[in-house]
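**Student:** Position chain H against the provided structure of chain E, taking the given hints into account.
Going line by line, the protein sequences match chains E and H. Taken in order, the first sequence gives residues 1 to 358; the numbers are from the working numbering. Taken in order, the second sequence gives residues 1 to 291; the numbers are from the working numbering.
Which chain E residues stay away from chain H? Per the calculated CB distances, all over 10 Å, these:
hint	residue
1	K6
2	Y9
3	I13
4	L16
5	F49
6	S90
7	K91
8	L105
9	P193
10	G242
11	Y243
12	P283
So the derived label-pair ranges between C-beta atoms look like this:
hint	chain 1	residue 1	chain 2	residue 2	range
13	E	N188	H	G183	48 to 58 Å
14	E	Y43	H	L273	41 to 51 Å
15	H	L282	E	A216	22 to 32 Å
16	E	A216	H	D56	51 to 61 Å
17	H	L6	E	P283	42 to 52 Å
No wet-lab data here; the hints were simulated from the structure. Backbone N, C-alpha and C fix where the C-beta goes; we use that ideal spot for every residue, glycine too.
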Amino acid sequence: MRFIFKTQYEQDISLLKHRGQLFWYGLLLAVLIAAPLFLDRFYLGEISFVFIYAIAGLGLMLLTGFTGQVSLGHAAFLAIGAYAHAYMLSKGLAFVVALPTAMILTGIVGAIVAIPALRLVGIYLAIATLAFLIIVEQIIIRWVSVTGGGRGMLVPPVEIFGLAVATPGRFFYLCLALLIVALIFVMNLLRAPSGRAMIAVRDSEIAARSMGINLAKTKATSFGISAALTGLAGALMAHHTGYISPEAFTLTISIQLLLLIVVGGLGSIHGAILGAIFVGFLPQGIALLRDTLPPAIGEVPGLEPGVFGLILILFLLFEPHGIYGQWLKVRQFFSEFPLYRRATNKRQKTYLRTERVR
Amino acid sequence: MTSEILQLLISGISQGCLYGLVALGFVLIYKATEMVNFAQGELMMLGAFVAYTFLDILQWPFYWAVLATIFVMAVFGVVIERVFMRRMIGEPPFAALMLTIGLGFLLRAVAGAIWGSDPRSITTPYGGGIFSIGDAVLGYENIAIVIGTAILCLLLYLFLRYTRVGIAMQAASQNQLAAYYVGIPVKRVFSLVWAISAMIAAVAGILIAPVSLVDPQLGFIGVKAFAAAIVGGFGSLPGAIIGGLIVGVAEQFAGLYLPPGFADTSAYVILLLVLIARPEGLFSTMQKKKV
Chain E
1 MRFIFKTQYE QDISLLKHRG QLFWYGLLLA VLIAAPLFLD RFYLGEISFV FIYAIAGLGL
61 MLLTGFTGQV SLGHAAFLAI GAYAHAYMLS KGLAFVVALP TAMILTGIVG AIVAIPALRL
121 VGIYLAIATL AFLIIVEQII IRWVSVTGGG RGMLVPPVEI FGLAVATPGR FFYLCLALLI
181 VALIFVMNLL RAPSGRAMIA VRDSEIAARS MGINLAKTKA TSFGISAALT GLAGALMAHH
241 TGYISPEAFT LTISIQLLLL IVVGGLGSIH GAILGAIFVG FLPQGIALLR DTLPPAIGEV
301 PGLEPGVFGL ILILFLLFEP HGIYGQWLKV RQFFSEFPLY RRATNKRQKT YLRTERVR
Chain H
1 MTSEILQLLI SGISQGCLYG LVALGFVLIY KATEMVNFAQ GELMMLGAFV AYTFLDILQW
61 PFYWAVLATI FVMAVFGVVI ERVFMRRMIG EPPFAALMLT IGLGFLLRAV AGAIWGSDPR
121 SITTPYGGGI FSIGDAVLGY ENIAIVIGTA ILCLLLYLFL RYTRVGIAMQ AASQNQLAAY
181 YVGIPVKRVF SLVWAISAMI AAVAGILIAP VSLVDPQLGF IGVKAFAAAI VGGFGSLPGA
241 IIGGLIVGVA EQFAGLYLPP GFADTSAYVI LLLVLIARPE GLFSTMQKKK V
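With the rest of the complex left out, here is chain H:
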């Protein structure tokens, strides 16, 4: 019984880390630019496909392929920002949301056109291994997800806390206009935020590819990650990861202990409960304006 719970907890955490990573991308962009990027899941899908291209088609060594994927996705993130999102600065938030929804559709079609709609799998050096704690069994892929997420969070924290660019980014996300007045190149910061967000998506894509097959529909995981981001309070980076973990763990337990149907909806039920109790999410940064 305890080993069963432990097993569920561990696989829930590894699934939750994935949701958390995608949620992190959402939150990062929202915090800095006040735009909601509904195509974050599709960016992850694209990252997985790029990794597949480098690893299994071009047969690059694993670590080089990972670096190349992250680089390609960063460039892609900047391109999206420059071509589409920069024109949406100053437009109503609804328009930017719709634009990214359209972008998601477009990216899915493009991925389908380039790589086809058959599911692919990528080969990793750590694939297939098993690690056991008591009776609980854990694949190396799942451990990689947890470790990868932890490293990424640490790097992101150090970057935002200690580098000049990171602090400029925080300033831009607190108040765009004020940041602009003190000489921070806000537009360039936006490009950078999109690049980082796409890089996170690339890492998430590489991590998810061994546990779930890669096809153009992979991006729909983004919808669930979105729920996770809201549970954590849209606009809080630790909140995104915690929201992801809550959703991931709850999903695993709901799948075993609750009637069928709850596994797919548990994320949304939690979301609605959180929104009813705390309309701004668990770790909110919203303030009420006094008139």
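Just chain E, same shape as in the assembly:
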């Protein structure tokens, strides 16, 4: 069992809590950097996809997991990021200019969406973002001169200062680097006053307001940053598939992102990463499962979403803190062995909470 004996105030906000973390995360990073040397092209592509999903998940985690605002419209931010980036690239802008511009643009759209959303709570907000998504989808289909409409558009390859990022290995490094930047950014945000304000808003809007937190500003910031991160993921996703069309950004994708953060573990940064790994590799797992199952079950057309739904239900019923919550319990079990008690992590229920009166 590890006791962290704090001797300085800085330790409270340091990104790494102890030396053990430095070692393990360093090791993980070293393995990831070495991965293109020994991994197959196919797996590199898949892992890059997981990185992209992790960035998008991080964006949604900031909004839903840390600010408590449910969004069913994140596929729209993904789409705006992807299309803005691809359009600017096709007009001859450099990658290093187009990517941040697309991010900022998506962030601004996100902050604008937040303005009417500020007055909405819970389910009203979820459905308003859903409406936003469907309207964006129609705009993409109709605005043919920019988006190519239903035919979609090709995405030019990545080129950074003359270096073509054409191989899966190089793209892998690009995604990894951007994921790390995004991670450090979010971690840094969450230890700063603006991030703490978001968490306060999530836990109780009334309490947050009485401590002098500007609700509107905090929510708009959260929306904007969340949208910008998701836009970044969208731009990378456009490169990953090389071709974008409106079908790639539907409500199902939004729900998949929500699934990602719930399964990973709501309200933790680890959760976004673990959830992305889970969602990224689940289709492969189902494909394997399909071969072993009898054909009557294995060849059902909608099997994949069905399995997604089932897993989501099981997690919500039995492990609402997701994979990361489970990991914390396992770790606690071993570090406190043999003193671990099941009751330590008993779920607390609130019976008096109501959305109707607020």
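**Tutor:** What follows is chain H alone, placed relative to chain E:
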């Protein structure tokens, strides 16, 4: 010109009644249990498939098949409540919402596995007939939708207003804890609410099946009905029907008079406008808490 408007109005009302019915299911569950059932559209889809099984596979007479469908769906509603939703009492609303989203995915996959993904149609005794008012032409199926919705609303109103159980339900939806203290079995009321909601979904499924083909994707109409429920103010039963009618009629007019693309989005544009003007919907029951 007038007949064109009349035609649009009538088909809008019949489409709106369907949205209203599904919205009614949403609102009923939300009012009583404070949970949002995102799988209401899927319940309707399932109702249509069950009706298809009784009518076209087992060849039952129409009215018996309707009763059987409603009964099967009521049992199914209770099962969902007992197996899944009861465990979510006291959990954050977001968790319950996600659970029903997962349930929707699951139900769609199950329906696909049982009935296949090919579109089906069901045979009704009133299918194919046409009724004309002036130049406006109306299928019997559409009239059935309007009449069915009206009867259902009346029954629901009488039930909630005059029966002991109905009044207990109203009490539970106003304040769960207080209802529990005065001896209302709140959990059993919840089961009942789910049963009624599933029965409404079954009726909606039977009514929609002749006008739109039945396949596992039918449940996506629930998303639009959801918008209708919010327009009407989530938590008001008449609001749900009125919201459905507004969305249904607007959709028909947008399809003819506005550029393409507006027909599919009009429901959501109205939703956003209503939410900006009145964040709690048109007929809201929300109160602000004073601190």
